[in-house]
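Student: In order, the protein sequence lines correspond to chains A and B. In terms of this note's numbering, the first sequence opens at residue 1398 and continues consecutively. In terms of this note's numbering, the second sequence opens at residue 151 and continues consecutively.
If you're looking for bench data, these hints aren't it; they were derived computationally from the structure. On a predicted model such as this, the values are computed, not experimentally measured, just so you know. Among the hints, a few may not be true.
A partial selection of chain A residues facing chain B, derived with a Cβ cut-off under 10 Å [what the hints assert, rightly or not]:
hint, residue
1, Gly1441
2, Gly1480
3, Ile1484
4, Leu1501
5, Ser1508
6, Leu1509
7, Leu1513
8, Tyr1671
9, Val1673
10, Leu1686
11, Val1690
Glycine included, C-beta positions come from ideal geometry on N, C-alpha and C.
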Amino acid sequence: MVEQLLAQGFIIGVLATSIRLTAPMLFAALGEMFAERAGVLNLGVEGIMLMGAYFAFWASFTSESPWLGLVAGMAIGGLMGLGMAFISVNLRANQGISGIGIYLLGWGLSSLFFRLTFGAISGVAGFQPVNIPILSAIPVLGPVLFQHNVVVYIALLLVPLSYVVLFKTTFGLSLRAVGENPEAADTMGIQVYLIQYVCVILGGILAGLAGAFLTVGQMNMFVDNITAGRGFIAIALVYFGRWSPYGILAGSFLFSIVDALQMWMQVIGFGVPYEVLVMQPYILTVLVLALAVGRSGGPAALSKPYVRGGT
Amino acid sequence: MVTSWLKERPLLNDMLVSLLAVFAAFVVGAGLLVLAGADPLVAYRPLLLGAFSSRYGITETLVKATPLLLVGLGIAVAFRGGILNIGAEGQLIVGTIATTWVVLAFKGLPGPLLLLLALAAGFLGGALWGAVPGVLKAKIGANEILITIMMNQIAALLLGFLIRGPMIDAEEVAYGTGYPQSALIPEGSWLLRLPQTRLHAGLLLALLAAFLVYVFLWRTTLGYQIRVVGTNPQAARYGGISVARNLIIATCISSGLAGLAGMIEVTGVHHRLLDGISAGYGFTAIVVALFGKLHPLGIIPASFLFGALLVGADMMQRTVGIPAGLVNSIQGLVVVFVVSTEIWQRRRA
Chain A
1398 MVEQLLAQGF IIGVLATSIR LTAPMLFAAL GEMFAERAGV LNLGVEGIML MGAYFAFWAS
1458 FTSESPWLGL VAGMAIGGLM GLGMAFISVN LRANQGISGI GIYLLGWGLS SLFFRLTFGA
1518 ISGVAGFQPV NIPILSAIPV LGPVLFQHNV VVYIALLLVP LSYVVLFKTT FGLSLRAVGE
1578 NPEAADTMGI QVYLIQYVCV ILGGILAGLA GAFLTVGQMN MFVDNITAGR GFIAIALVYF
1638 GRWSPYGILA GSFLFSIVDA LQMWMQVIGF GVPYEVLVMQ PYILTVLVLA LAVGRSGGPA
1698 ALSKPYVRGG T
Chain B
151 MVTSWLKERP LLNDMLVSLL AVFAAFVVGA GLLVLAGADP LVAYRPLLLG AFSSRYGITE
211 TLVKATPLLL VGLGIAVAFR GGILNIGAEG QLIVGTIATT WVVLAFKGLP GPLLLLLALA
271 AGFLGGALWG AVPGVLKAKI GANEILITIM MNQIAALLLG FLIRGPMIDA EEVAYGTGYP
331 QSALIPEGSW LLRLPQTRLH AGLLLALLAA FLVYVFLWRT TLGYQIRVVG TNPQAARYGG
391 ISVARNLIIA TCISSGLAGL AGMIEVTGVH HRLLDGISAG YGFTAIVVAL FGKLHPLGII
451 PASFLFGALL VGADMMQRTV GIPAGLVNSI QGLVVVFVVS TEIWQRRRA
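Given only the sequences and the hints, what does the whole structure look like? Please build it.
Tutor: The following block contains the structure:
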């Protein structure tokens, strides 16, 4: 067993898969990071991902274009983000519970729509892996890093981009101010509600994109509850990554390596029961959540609705 | 005049707002059905009337209301104590596992004793599973929502592993069918049933639990402390109430009640462990608890209402082919609407 685990092919397979699995986690977690940095805890990511996954599948199935699938996933994600923003910013609803509502809604609707429009399992072509010239021919590194579909690279590029937006732009400064101290931000002339709306909608768009990636970039099909908790794991990764893009990148890698490892162990068959393998990412997430606290507080005004002029 | 009469009855008033939220959810649900190309009237007829159209529908409503009531009460205790326990689904599953295991391990014992043992096992199994997020939240402030959701997944996988491996029915192995289920539990440990129905004595137990939860939360010091911790942890701390201790107790009672629901599903309905034995009760019960305004007097009717909805969903799926996923969507909308309308209910702080 140890020999098999150390075989070069196995290691390359695990690493290549984990890079691919990182993409949806990055989309969802970076989006959630923006929402939380602006003070809104969006626990509906899982539900938004499920809707993004279904609509991306439907759009790319009917149009035969995976790109339109991504656009559809982002559109429904943005729409649900808008709803979440209205609920948490204007109606000041409890963000923990309303997120669970959005989750149930997205889970139910994606399953309902799928059964009504498709009925049975069907596939789409999805994005094909691209061999990057020269680089993909490098032994080991080539197959691990340079033979993925284009969306994977978009996800990886989003990390430095998010870093720049968050820490090097006025918009980033404003949204961090809103998440830390909305009263002070308001006094300084920052439009608190507008910033929160923009960030939650952005988070929704990225969550929709994450779901879309699952159906048109990874599995090339839709099944009920295709996310299987990944939306919630993405939120956990935001905590683990201490609300910073590179921290989230590290967390996504860690999670994806464990996930890829258990998938490959299923394929090869080590005699470890399937359920025990599938359990590993969830156990890891519980550990991550237990270990991530106490190190850093996160945005001070997180999940506290802001009332202009005080309560 | 009506409004002032309602103002003196805040629970009733809040439940009327909840009813409006349900109505709104059905209206939006109808719009979504039209979008999906289905006729809402065709879907809603069996969904809303299915439960009341026959003796079967009525008794099945009560069968489904039983776990919803127990789990809903548990969720109310946790929410009142400031813990958002979303893990009832997993806690219920662990309750079914613990119950089945204990009853099979001690099957030689007389029935009543076995049932008592099952009761303890179900409650403790759930409570233990819930203690993990409870302790992590109380001691280090870990996010209990995410942890309970992860532990739902882990519990479901654990159940799948057990009924395919260590706990699989020996007969399934002997006949080579390998259907993933445990052995039947001894008949002595089955809850009493109304003849020709699945309605069992668990309903009485759940109603008793509703009474006990009411007494606990509003008539005992511990219950009072839990509510103070839930509404104002700072004040609790100044008043010398241990926040951590009360958080843990509230979570364990909450998850114990979910485990108890699992015990009742095994001894009252299925008499063995099966895949999908939790049937989503853990999530529906969140809706039940919120709809019932986290009060036993509200949760009892709420559990009947949503029990009827689940029965109606089965009928809708069977008779007109509209997937039961519709009910999840409607439940999600109810949650969103109920928490969104709270802004109009905060008059009494």
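Student: Which of the numbered hints are not met once you compare them with the structure shown?
Tutor: none
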